[in-house]
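There are 2 protein chains.
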Amino acid sequence: MPKAVCLLSGGLDSTTCLALARREGFDCYALSFDYGQRHRVELEAAARVALALGAAEHRVVCIDLRLFGGSALTAGIEVPKHREVEEMGQGIPITYVPARNTIFLSFALAWAEVLEAGDVFIGVNAIDYSGYPDCRPEYIAAFERMANLATRAGVEGRTRLRIHTPLARLSKAGIVKLGQSVGVDFGLTHSCYDPDAQGRPCGACDSCLLRRKGFEEAGLRDPLQGGGG
Amino acid sequence: MPKAVCLLSGGLDSTTCLALARREGFDCYALSFDYGQRHRVELEAAARVALALGAAEHRVVCIDLRLFGGSALTAGIEVPKHREVEEMGQGIPITYVPARNTIFLSFALAWAEVLEAGDVFIGVNAIDYSGYPDCRPEYIAAFERMANLATRAGVEGRTRLRIHTPLARLSKAGIVKLGQSVGVDFGLTHSCYDPDAQGRPCGACDSCLLRRKGFEEAGLRDPLQGGGG
Numbered sequence: 005m006p007k008a009v010c011l012l013s014g015g016l017d018s019t020t021c022l023a024l025a026r027r028e029g030f031d032c033y034a035l036s037f038d039y040g041q042r043h044r045v046e047l048e049a050a051a052r053v054a055l056a057l058g059a060a061e062h063r064v065v066c067i068d069l070r071l072f073g074g075s076a077l078t079a080g081i082e083v084p085k086h087r088e089v090e091e092m093g094q095g096i097p098i099t100y101v102p103a104r105n106t107i108f109l110s111f112a113l114a115w116a117e118v119l120e121a122g123d124v125f126i127g128v129n130a131i132d133y134s135g136y137p138d139c140r141p142e143y144i145a146a147f148e149r150m151a152n153l154a155t156r157a158g159v160e161g162r163t164r165l166r167i168h169t170p171l172a173r174l175s176k177a178g179i180v181k182l183g184q185s186v187g188v189d190f191g192l193t194h195s196c197y198d199p200d201a202q203g204r205p206c207g208a209c210d211s212c213l214l215r216r217k218g219f220e221e222a223g224l225r226d227p228l229q230g231g232g233g
Numbered sequence: 005m006p007k008a009v010c011l012l013s014g015g016l017d018s019t020t021c022l023a024l025a026r027r028e029g030f031d032c033y034a035l036s037f038d039y040g041q042r043h044r045v046e047l048e049a050a051a052r053v054a055l056a057l058g059a060a061e062h063r064v065v066c067i068d069l070r071l072f073g074g075s076a077l078t079a080g081i082e083v084p085k086h087r088e089v090e091e092m093g094q095g096i097p098i099t100y101v102p103a104r105n106t107i108f109l110s111f112a113l114a115w116a117e118v119l120e121a122g123d124v125f126i127g128v129n130a131i132d133y134s135g136y137p138d139c140r141p142e143y144i145a146a147f148e149r150m151a152n153l154a155t156r157a158g159v160e161g162r163t164r165l166r167i168h169t170p171l172a173r174l175s176k177a178g179i180v181k182l183g184q185s186v187g188v189d190f191g192l193t194h195s196c197y198d199p200d201a202q203g204r205p206c207g208a209c210d211s212c213l214l215r216r217k218g219f220e221e222a223g224l225r226d227p228l229q230g231g232g233g
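Chains R and W supply the protein sequences, listed in that same order. Numbering-wise (the working numbering), the first sequence opens with residue 5 and increments by one. Numbering-wise (the working numbering), the second sequence opens with residue 5 and increments by one.
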């Protein structure tokens, strides 16, 4: 089986993305990051998902993005609540973490080089790239081009690295339907930006609201308790 | 003064690069990495150099590249000794760390975004890019292009990020001469891949041998004791 490195946050999108990579026949090496996010729930979800979907390995890389500040997800800034979906689509949200996907994909590239894997999966999607610069298709294409000049394998022409973004053009409802069709257990995932001490979703942050809307539009029930998250 | 993020290992090249950035009038934010290298001497040299050259700040990001294995610099593989310079130029050396410059530049990009800096300096050079894929000009150009699609500033058209590689086309002797001309104190730097317990250079690894050859060809004396390093 060909090997693929799969970025995995434990959310709806990266979980569906990993399930698709498995379905396509890849031996999957799941990669998560402990980057000083407010809660450990996300990493616990990633570990559950990697196990459930039969990843060959799951590794967590610790990096301190708080060093760079500038985001509600890492710098102690309050996460916005109860926003309209239309409002979320305007401008880059405060939950944006500077250069996050570039850093994540760089580590994926390093691991892919060591594994001699030619494929990397990342669950960026249509909802994200309305707001986050590093979720846009032109960004991903530029990263792929750079990556193919960056490595030993690229120089020696042995492996051409491909960055797969199977969710790029899907809505959240589309991702929910697709995840369901490939057998994702959504009860294992975690989406909330601001869970309570027990890890329960707040139901009011952008991520919870988008998730709720996705399940509603897909006509499916979210197995997670406590609202949208 | 415009701000620049300067990658700084504390070696001959990155030190000269930082001195050039200062000379060009940049307010310099020096960035080093603790990536599980065998010795702390390198980070101590970086701190000395940042101070001596008047960097506005010096930060050290801790990342565990050993996770990915595959290099003599991080994985406990023996560093090659007493090689001929011609031999070093053939193929990618075992001291290559997978995707290292991509990871380093990604963190520089994150910090530049937070600082609203439009400039990043990296001391890649002609000697390096004969062996390391991620020191080549075409790689740097591809990274710059990707970086300008990756960030909030890039999307909003506020700042165009430029990656400066002032040493790209210089030999080691050329770098020594240039460093001398901008007042670099080479006694503060550290180049050896395999120093002894007291931090003294081995004099026999590729880095020591290239450094010695550089000083010899430049007709200058290396202030570091104990041979080439």
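Derived by calculation from the structure, the hints in this document are not laboratory data. Owing to the predicted nature of the structure, the values given are computational and were not obtained by experimental measurement. Accuracy of the hints is not assured; some may be wrong.
[As the list claims (entries may be wrong)] Coverage of chain R stretches by chain W, computed from C-beta distances (three or more under 8 Å per stretch; other residues unrestricted):
| no. | stretch |
| --- | --- |
| 1 | 55 to 62 |
| 2 | 183 to 193 |
[Claimed, not checked] Only part of the chain W face toward chain R is listed, based on derived beta-carbon distances under 8 Å:
| no. | residue |
| --- | --- |
| 3 | C66 |
| 4 | D68 |
| 5 | P102 |
| 6 | V118 |
| 7 | P137 |
| 8 | L182 |
| 9 | Q184 |
Note that beta-carbon positions come from the ideal geometry of N, C-alpha and C, so glycine has one too.
With 8 Å as the cut and Cβ atoms as the points, is W/V118 at the interface with chain R? 5 Å, holds
Return the status of the interface hint for W/Q184: holds when the least beta-carbon distance to chain R is below 8 Å, violated otherwise. Status violated, d = 32 Å.
Min Cβ distance, W/P137 to chain R: is it shorter than 8 Å? With a minimum Cβ separation of about 4 Å from chain R (threshold 8 Å), the hint on W/P137 holds.
According to a criterion of three or more residues whose C-beta lies within less than 8 Å of a C-beta of chain W, is the stretch 183 to 193 of chain R covered? violated (count 0)
Does the CB of W/L182 sit less than 8 Å away from some CB of chain R? 26 Å, violated
Should the hint that W/P102 touches chain R count as held when the rule is a Cβ pair under 8 Å? Hint holds; W/P102 Cβ to chain R Cβ min 4 Å, cut 8 Å.
Hint validation: W/C66 versus chain R, beta carbon distance must be below 8 Å. Holds or violated? 7 Å, holds
Cut-off 8 Å, beta-carbon criterion: hint that W/D68 touches chain R: At about 7 Å, which falls below the 8 Å cut-off, the nearest Cβ of chain R leaves the hint on W/D68 intact, so it holds.
Mind taking a look at whether chain W covers the stretch 55 to 62 of chain R? Criterion is 3 or more residues with CB to CB distance under 8 Å. violated (count 0)
Of the hints listed earlier, those the structure fails to meet are numbers 1, 2, 8, 9, in rising order.
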